[in-house]
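Given only the sequences and the hints, what does the whole structure look like? Please build it.
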Amino acid sequence: MNFSISKLGWSMVAIFLLLVIGCKDEPKAPPVPPTISSPLVIPEFNRDSAYAFVEQQLSFGTRVPGTPSHKATKDYLVKKLQEFGGQVTVQEFKASFLTVKNADAYNIIAVFNPNARKRLSLSAHWDSRLIAEKDDDESMKNKPIDGANDGASGVGVLLEIARIIKDTPPNLGIDIILFDAEDQGDSGSGENWCIGSKYWAMKPHVSNYQAFFGIHLDMVGAKNAVFGYEGYSKQNAPVYIEKIWKLAQQMGYGNYFQSVNKPPIDDDHVHMMAGRGYPVMDIIDLSGSPEKPFGAYHHTHDDTIEVIDRQTLNAVGRVVTATVFKVAKGEF
Numbered sequence: 000m001n002f003s004i005s006k007l008g009w010s011m012v013a014i015f016l017l018l019v020i021g022c023k024d025e026p027k028a029p030p031v032p033p034t035i036s037s038p039l040v041i042p043e044f045n046r047d048s049a050y051a052f053v054e055q056q057l058s059f060g061t062r063v064p065g066t067p068s069h070k071a072t073k074d075y076l077v078k079k080l081q082e083f084g085g086q087v088t089v090q091e092f093k094a095s096f097l098t099v100k101n102a103d104a105y106n107i108i109a110v111f112n113p114n115a116r117k118r119l120s121l122s123a124h125w126d127s128r129l130i131a132e133k134d135d136d137e138s139m140k141n142k143p144i145d146g147a148n149d150g151a152s153g154v155g156v157l158l159e160i161a162r163i164i165k166d167t168p169p170n171l172g173i174d175i176i177l178f179d180a181e182d183q184g185d186s187g188s189g190e191n192w193c194i195g196s197k198y199w200a201m202k203p204h205v206s207n208y209q210a211f212f213g214i215h216l217d218m219v220g221a222k223n224a225v226f227g228y229e230g231y232s233k234q235n236a237p238v239y240i241e242k243i244w245k246l247a248q249q250m251g252y253g254n255y256f257q258s259v260n261k262p263p264i265d266d267d268h269v270h271m272m273a274g275r276g277y278p279v280m281d282i283i284d285l286s287g288s289p290e291k292p293f294g295a296y297h298h299t300h301d302d303t304i305e306v307i308d309r310q311t312l313n314a315v316g317r318v319v320t321a322t323v324f325k326v327a328k329g330e331f
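Each residue of the sequence shown is one higher than the one before, counting from 0 in numbering that gives the first Met the number 0.
Worth flagging that the hints you see were computed from the coordinates, not collected in a lab.
Do not take every clue at face value.
[Said to hold, decoys possible] The calculated BS3-like cross-link candidates involving lysine-lysine, where the alpha carbons are at most 25 Å apart (straight line), are:
{"no.": "1", "residue 1": "K133", "residue 2": "K222"}
{"no.": "2", "residue 1": "K202", "residue 2": "K117"}
{"no.": "3", "residue 1": "K142", "residue 2": "K100"}
{"no.": "4", "residue 1": "K117", "residue 2": "K165"}
{"no.": "5", "residue 1": "K325", "residue 2": "K242"}
{"no.": "6", "residue 1": "K117", "residue 2": "K245"}
{"no.": "7", "residue 1": "K93", "residue 2": "K222"}
{"no.": "8", "residue 1": "K233", "residue 2": "K117"}
{"no.": "9", "residue 1": "K291", "residue 2": "K140"}
{"no.": "10", "residue 1": "K93", "residue 2": "K70"}
{"no.": "11", "residue 1": "K165", "residue 2": "K78"}
{"no.": "12", "residue 1": "K291", "residue 2": "K133"}
{"no.": "13", "residue 1": "K222", "residue 2": "K233"}
{"no.": "14", "residue 1": "K79", "residue 2": "K133"}
{"no.": "15", "residue 1": "K70", "residue 2": "K117"}
{"no.": "16", "residue 1": "K233", "residue 2": "K245"}
{"no.": "17", "residue 1": "K140", "residue 2": "K100"}
{"no.": "18", "residue 1": "K328", "residue 2": "K242"}
[To be verified] Derived Cβ-Cβ restraints for the label pairs, each shown as a range:
{"no.": "19", "residue 1": "N141", "residue 2": "T167", "range": "41 to 51 Å"}
{"no.": "20", "residue 1": "G187", "residue 2": "E43", "range": "40 to 50 Å"}
{"no.": "21", "residue 1": "M201", "residue 2": "G84", "range": "35 to 45 Å"}
{"no.": "22", "residue 1": "P113", "residue 2": "N191", "range": "29 to 39 Å"}
{"no.": "23", "residue 1": "K291", "residue 2": "F211", "range": "31 to 41 Å"}
{"no.": "24", "residue 1": "M201", "residue 2": "N114", "range": "21 to 31 Å"}
{"no.": "25", "residue 1": "D74", "residue 2": "S95", "range": "20 to 30 Å"}
{"no.": "26", "residue 1": "P262", "residue 2": "N191", "range": "17 to 27 Å"}
Just so you know, these numbers come straight off a predicted model, no measurement behind them.
Here a beta-carbon is modelled for each residue, glycine too, at the ideal position from N, C-alpha and C.
Right, here's the structure in full:
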């Protein structure tokens, strides 16, 4: 009897131990630490470098299609974009405008990260105007202008961005497009403006070319510039223009990038959108009146290097650079 009870007792102890062991919590795996994304670092845009690129363009002389100084500038732009790692294509075409017939003209396209499917286009025109119809001096009206702001400023900013892309390549395809023969139209009839962008829109450097969106720069170097919502940009690329302007204001450039509606301007971006079907916004100085939206220097011999302000180049360059790297990181 005592033996049987003892045996039963030991059996109960064994069962109890098994239950205790079975109910014991399994050791928990250490928690996975939350993923902390590194803050986006925007490379530094060098205002002095951009200014020097503007000066260098002007050093060749005026950039009217069909002239030796125009061709010398073209060779310089191609060389610089190649130095910065771009795969450069030069589109040759003939341009007729004002008193000029069948002048040699060139669109210059630099492709960065050509295998990337997601692409951003950055563009400007690089020619300067044949005449100065707004100049006060009658004897100077039929002479070509320097086009420091109207032409060279946008190109200067884009060359500096190309240098940045070479040193700090973003995870994004970038196409820098420099249009020729933009500024040779007839102010009276409105004909023959934007010849280069019209040509490219119909015959892009890549068949069926498309970009996520595009940014066009025109007259981006004058002191106290005002970049409002240009009419066609607001109509066709409202989401992107509002995002970029908000970014500019967050970066402290709200005095330049003002959230105000401005008149529609027949600029290269209009023909890019019409021909290629993707949204393009125009960063263009429209600080004048509704009747005369451009600066007093516009289409006069006052459009010289003295018009160019490093602070304005810096504001535009930093905002566009930040946009490039935000798009590359999926933050746009």
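> Against which earlier hints does the structure fall short, listed by number upward?
Replying inline: Checked against the structure, the hints that fail are numbers 7, 14, 15 and 21, while the rest are satisfied.
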